[in-house]
Amino acid sequence: MKKIFTGNEAVARGVYEAGVVYASAYPGTPSTEILENIGTYKEIVAEWAPNEKVALESVIGASIAGGRSLASMKHVGVNVAADPLFTFAYTGVTAGSVLITADEPGMHSSQNEQDNRNYAKFAKIAMLEPSNSQEAKDMMIDAFDISERFNTPVLFRMTTRVCHSKSVVELGERVEQDLIPYEKNFSKYVAVPAIGRQLRHSVEERLNKLADFSETTKWNKVYTNGSKVGVIASGIAFEYAKEAFNDTADYLKLGFTNPLPTKLIEEFCDQHEKVYIIEENDPYIEEFVRSLGKECYGKDIFPYTGEMTPDVIRRVVLEQEMDVIEPREDLIVNRPPTFCSGCPHRGFFYELGKKRKKIIVAGDIGCYSLAVGEPYNLMDWLICMGAAFSSGHGAQTVIDKNPDDSRRLVSIMGDSTFFHTGINSLINTVYNKGKTINVILDNRITGMTGQQDNPGSGFKLQNEENEPMDIEKIVKAIGIKHVRKINPNDLKLVKETINWALELEEASVIITDWPCVLKKQYKDEDVEMYPKAWQTKDMVLQDKCVGCKACMRSGCPSLVFDAENKKMHIDETTCVGCDVCLQICPYDAIVKDEKYV
Amino acid sequence: MSKNVKLVGVGGQGTILSTKILTQALLNAGYDVKMSEIHGMSQRGGSVSSDIRFGDHVSSPVVEKGSADFLVAFEQMEAVRYLDYLKPGGILIVNDLKINSMLTQAGKVKYPEDIIEYLKTRENTYIFDATSVATKLGNARVLNIVLLGTLVKAMGLENLPIEKAIEDLVKPRFIDINKQAFNIGLSMM
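Just so you know, the protein sequences line up as chains A and B, in that order. Straight run, no breaks: the first sequence in the working numbering ends on number 597. Straight run, no breaks: the second sequence in the working numbering ends on number 189.
Calculated directly from the structure, the hints in this document are not laboratory data. Any given hint could be a false lead.
As the list claims (entries may be wrong) - Quick list of simulated restraints, FRET-style, between CB atoms: (1) 500(A) with 167(B): 19 to 29 Å; (2) 535(A) with 174(B): 51 to 61 Å; (3) 110(B) with 553(A): 54 to 64 Å; (4) 586(A) with 132(B): 48 to 58 Å.
What the hints assert, rightly or not - Derived coverage of chain B by chain A (criterion: at least 3 residues anywhere in the stretch with Cβ under 8 Å from a Cβ of chain A; other residues may be distant): (5) 65–79; (6) 83–94; (7) 105–113; (8) 123–130; (9) 153–165; (10) 171–185.
As the list claims (entries may be wrong) - Calculated pairs, DSS-like style, for lysine-lysine (alpha carbon to alpha carbon, straight line, at most 27 Å): (11) 164(B) with 3(A); (12) 153(B) with 519(A); (13) 171(B) with 42(A); (14) 2(A) with 3(B); (15) 566(A) with 179(B); (16) 108(B) with 357(A); (17) 549(A) with 3(B); (18) 65(B) with 520(A); (19) 110(B) with 354(A); (20) 567(A) with 164(B); (21) 2(A) with 164(B); (22) 2(A) with 65(B); (23) 20(B) with 519(A); (24) 544(A) with 108(B); (25) 566(A) with 164(B); (26) 98(B) with 567(A); (27) 523(A) with 65(B); (28) 549(A) with 153(B); (29) 153(B) with 3(A); (30) 171(B) with 567(A); (31) 299(A) with 153(B); (32) 595(A) with 136(B); (33) 3(A) with 179(B); (34) 110(B) with 549(A); (35) 460(A) with 3(B); (36) 3(A) with 20(B); (37) 3(B) with 354(A); (38) 179(B) with 544(A); (39) 2(A) with 179(B); (40) 98(B) with 2(A).
Every residue, glycine too, gets a C-beta built ideally from N, C-alpha and C.
Let the hints inform the model, and build the full structure from the sequences given.
This is the structure in structure tokens:
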């Protein structure tokens with residue numbers, strides 16, 4: 001049967017067909033839909049882990065215990081999972097095990113453009129790189145065979161355009177794999193130094209075997225058009241190269257990319273007068289080609305950043321400029337993403353903004369990073385998952401050294417980020433007697449990546465109900481003495497609470513408790529806890545509105561200023577009645593719309 | 001030969017659903033099809049775009065600057081933002097709708113006034129008020145399918161099995177209104 005699948009759907013199908021029994025991940029664009037799709041296959045136990053390290057460790061345990069297992073994450077997630085990865089590379093697997101990294105050339109939704117192919121080389125493990133959805137599925141099945149045959153975890157490298165592009169896929173059937181009965185194997189899995197020294201040699205022997213395999217695998221293949229121009233490419237860059245060069249070049253398509261095939265590359269280079277290396281991010285293939293003493297064109301002519309789309313290739317190699325319409329720049333205004341109508345973060349940031357001069361804000365990864373933009377402009381830095389509490393603590397320590405600087409650090413992260421690694425950062429603050437103000441914006445979901453469940457949401461990935469973890473109790477157990485949990489849509493309460501925290505000389509935690517407007521499923525208890533959430537609407541009394549636009553400082557997209565009569569109105573289709581603008585209006589011109597009460 | 005289509009708009013306008021429906025219909029009609037979208041941050045009211053490429057054989061899933069045969073903009077300013085993706089002689093379909101960005105809403109910058117007049121000066125530009133048409137049908141959200149109708153007509157592919165794709169991809173209670181929206185779109189072009 002043929003289907004049109006995204007790379008993420010296709011790779012999930014491959015995991016299913018490969019007979020995988022356990023999969024774990026932490027959501028992150030562009031990888032998120034992989035586990036969501038795996039979760040639809042009831043033969044596989046699919047779980048959200050609190051972070052990528054935990055996901056990979058769970059997957060390692062599943063492999064040791066004898067079942068095929070898969071971990072999936074975005075590129076920066078592999079940084080978090082690097083610790084177990086590098087030892088897993090030494091121990092090898094029992095049942096096959098694959099780690100998907102979803103890289104982001106062009107940084108559509110990420111903070112950096114790191115090239116995770118380097119991780120395969122660094123950890124000395126096998127790597128595969130699909131170019132389209134069909135390959136994503138087929139290669140994934142082979143990845144498990146390679147993992148078991150060579151006793152190696154496999155790094156499966158995808159990129160945004162492979163993950164989020166759709167192309168046609170021929171489906172196959174699931175092949176069940178017998179579980180390998182668990183037997184204790186001290187000299188394989190207990191990575192103490194004495195054993196590590198032995199494993200170190202087997203890693204090198206494995207690399208040699210993999211290098212031989214790389215020469216013969218079907219995933220490294222030459223396509224001949226009888227040209228003197230040769231192109232070496234992997235991943236989506238191969239599709240781009242084909243589009244740009246068409247049949248004017250020969251191709252060496254590399255799908256198995258660690259270790260790279262020495263002989264295949266040498267022969268290909270020798271047979272062609274000019275060789276172009278088309279790859280996104282780092283000169284990973286290029287440096288290998290040059291190490292073989294072969295000449296090629298790579299990052300010396302191609303850009304080192306961004307996507308290597310056909311237009312880029314044509315411009316650089318063929319010196320073809322597309323005939324392009326140049327739009328009038330004065331008719332374009334930026335459209336940055338913003339908080340949704342009814343977003344529970346809005347009220348908190350509106351009030352916090354009034355303290356701008358007294359505070360420094362350490363931000364984190366999640367929807368609340370949007371507070372960096374208009375009209376809040378409230379984020380001094382944003383580094384990585386969980387860094388708000390810890391970087392805030394370090395910053396406060398230094399600020400306090402300056403007797404003339406009395407600013408307070410406000411560190412802000414969401415519920416899922418708190419469970420991810422924020423919990424460790426908060427332990428650090430308490431242990432070291434820090435005095436930062438730590439805010440957990442608990443919207444009871446992992447928002448930015450598209451409403452995935454987490455330990456605080458009350459559901460597991462495959463919809464099984466669970467007791468939501470109580471953030472307030474966790475924070476108190478860690479040793480935070482000053483904790484307040486508030487409704488962020490109650491501006492008076494938010495203001496009082498921020499003032500309370502600013503007065504304290506010790507670390508505090510403010511938990512804002514209101515669900516994401518996009519949260520998909522609720523338990524009965526939730527419905528009671530958040531009465532009438534999103535079921536009402538607000539409206540502007542036209543005779544009372546003076547057009548002062550004070551309400552617009554909330555940054556709500558449902559508020560529209562009518563330029564003709566110089567008054568506000570509220571878009572009835574998008575307003576969900578959070579009442580934040582209603583509380584801001586100094587003229588009481590905004591009220592609950594009686595039709596919806 | 002492959003044809004390139006780009007749909008652009010504001011997060012939440014339904015560009016992705018219309019892209020999915022068109023992609024599925026093209027596949028069912030026997031074309032090789034690739035589709036690409038960028039989402040993530042852009043879901044939150046940001047600018048969104050999705051690409052469809054189809055023909056006998058398609059390699060790259062991405063529509064490049066200067067290469068779209070058809071550009072459909074669900075919002076005025078987005079039409080200008082992505083205009084450089086259109087082939088100089090390509091067909092431009094614009095929904096006559098203004099949606100504020102945070103910058104224009106906060107009053108930092110004015111929403112540009114004369115976009116439609118500017119776009120009208122080029123040939124092969126078609127401007128529709130799909131929002132009103134959809135609202136009259138009873139659901140403003142189907143403006144995406146009204147625009148899909150105009151696009152399919154402009155492509156000269158009225159026989160594409162779009163209604164079947166709607167049945168496969170839309171929730172049952174919205175199938176009828178989406179079919180109506182599509183047919184009105186066809187007749188508007």
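Hint-by-hint comparison with the structure:
no.	hint	verdict
1	500(A) with 167(B): 19 to 29 Å	violated (57 Å)
2	535(A) with 174(B): 51 to 61 Å	violated (21 Å)
3	110(B) with 553(A): 54 to 64 Å	violated (18 Å)
4	586(A) with 132(B): 48 to 58 Å	violated (35 Å)
5	65–79	holds (count 5)
6	83–94	holds (count 5)
7	105–113	holds (count 7)
8	123–130	violated (count 0)
9	153–165	violated (count 0)
10	171–185	violated (count 0)
11	164(B) with 3(A)	holds (15 Å)
12	153(B) with 519(A)	violated (38 Å)
13	171(B) with 42(A)	holds (23 Å)
14	2(A) with 3(B)	holds (22 Å)
15	566(A) with 179(B)	violated (39 Å)
16	108(B) with 357(A)	holds (21 Å)
17	549(A) with 3(B)	violated (46 Å)
18	65(B) with 520(A)	violated (37 Å)
19	110(B) with 354(A)	holds (25 Å)
20	567(A) with 164(B)	violated (45 Å)
21	2(A) with 164(B)	holds (17 Å)
22	2(A) with 65(B)	violated (31 Å)
23	20(B) with 519(A)	holds (23 Å)
24	544(A) with 108(B)	holds (25 Å)
25	566(A) with 164(B)	violated (47 Å)
26	98(B) with 567(A)	holds (18 Å)
27	523(A) with 65(B)	violated (47 Å)
28	549(A) with 153(B)	violated (43 Å)
29	153(B) with 3(A)	holds (26 Å)
30	171(B) with 567(A)	violated (38 Å)
31	299(A) with 153(B)	violated (44 Å)
32	595(A) with 136(B)	holds (21 Å)
33	3(A) with 179(B)	holds (23 Å)
34	110(B) with 549(A)	holds (15 Å)
35	460(A) with 3(B)	violated (43 Å)
36	3(A) with 20(B)	holds (13 Å)
37	3(B) with 354(A)	violated (52 Å)
38	179(B) with 544(A)	violated (43 Å)
39	2(A) with 179(B)	holds (25 Å)
40	98(B) with 2(A)	violated (40 Å)
In the structure shown, a violation is registered for the earlier hints numbered 1, 2, 3, 4, 8, 9, 10, 12, 15, 17, 18, 20, 22, 25, 27, 28, 30, 31, 35, 37, 38, 40, in ascending order.
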